[in-house]
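**Student:** Sequence:
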Amino acid sequence: MSMACVPENHEVDDGIAGLNYTSFNTTSLLNSSYWDLEDYEVDKPYIAKAGRDFLAYFTPIILVVGIVGNSLSLNVFLSKNMWMLSASTCLAAISLSDLMTLLFYVLVEWLRRGLVHISPSSKISFLDTNGICQIQLYFSYVFRLTSAWFVVTFTVERYIGVCHPLRRRNICTRKNTRKIIVSLFVIALLIVLYKPLLSGVYCIGDRIVCASYPDHEFVSFILDSIYAVMITFIPFLIITAMNILIIRRLLIRNRRHKENQLITQESMIKLEFTLILFAISFCFIAFNLPFFTVWCRNFLQSMYLYTHGFSNMDGTEADYWRGVLFIVRTIFYMNYCINFFLYSITGVYFRREMKRALTTCSKSQRTVGYVKCKRINSRTSTSQFTTAQSWL
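Be aware that the sequence shown starts at 4, since it is given in this note's numbering, and climbs by one per residue.
It should be emphasised that the hints constitute simulated quantities derived from the structure, not laboratory data.
Straight line, CA to CA, 20 angstroms or less: simulated EDC-like cross-link-like pairs of lysine to aspartate or glutamate:
{"no.": "1", "residue 1": "52", "residue 2": "320"}
{"no.": "2", "residue 1": "358", "residue 2": "275"}
{"no.": "3", "residue 1": "126", "residue 2": "56"}
{"no.": "4", "residue 1": "83", "residue 2": "275"}
{"no.": "5", "residue 1": "47", "residue 2": "320"}
{"no.": "6", "residue 1": "52", "residue 2": "112"}
{"no.": "7", "residue 1": "126", "residue 2": "112"}
{"no.": "8", "residue 1": "126", "residue 2": "209"}
With these hints in hand, go ahead and build the complete structure from the sequences.
**Tutor:** Below, the structure written as structure tokens:
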């Protein structure tokens, strides 16, 4: 099948789903596509080389830690004891979505950018073929969108649990939580349908690229910009507002019941999930905000250059911002690997259940040449969470 080609100097998107800079973006500021990494020159600004090195060598650590951590977290939240809690349903969805994001987005981006920087001859050409290109783009968009909005869902669940505990028993049931999660996933599938439809494989000079079609780049740029706001700015606002209301409610409740020092298991579990929420929310904002800030800066820059008809900008400045982008992008990747540590630090019940699961695996019986590893389902541990189920 013949493949359409465009001029050699044609610019393609930066490959950052939702944070792309297409050919209408006449500045070459963030036109560091996956195919030009091996052409890097040593006379670039220090920040450019440092940023590229940071992405190339630190991303594999993020991948390993994230895949292992999210897999363990998912196993814990799906255990019979934790699965009884509606909040665990949200956290299991976050873990699964983060795991898929690491595989469909972070891993692919590292193969395209980081691996070829470490070993220029190691090009992964099968990613830039029709079919695989569209599928990878589609699911990378879907799971990043769901990752952000599952955090929002967990925030809303905790807000209702803390600020409206009586309503929570009717609204935030496990059944309703699962319906919301499935609905968000279906909505995400529909919202990002535009990406595979407007993207494909074509050649630029002698290079084969997977990016937005040249004829649809302006439309793709606008839709990607909307997508960027949907996975960053809007969740920022909702999460921040909800957390402020939760903190305010907790402070008021603490003043009212200052003399009552009775601590129940129910209140401890409620506090634990609230602490997990604060930790997740803080890291979500901390790891997303630098990337979103750089994107806003370059979005405004590109719009200014486009509307004023400029075709280029200073090369040194462009290289500088490329390096900055590589650094903040890698920090952004950390959002998908950090949650396991947050659960382990703030969650007593999470640590206890994980320890039990690992202990059960190590003591599992060997039958017919294989090891059967099962989750704990003791009456003691089940009764331990019976009270918590009504709260969470």
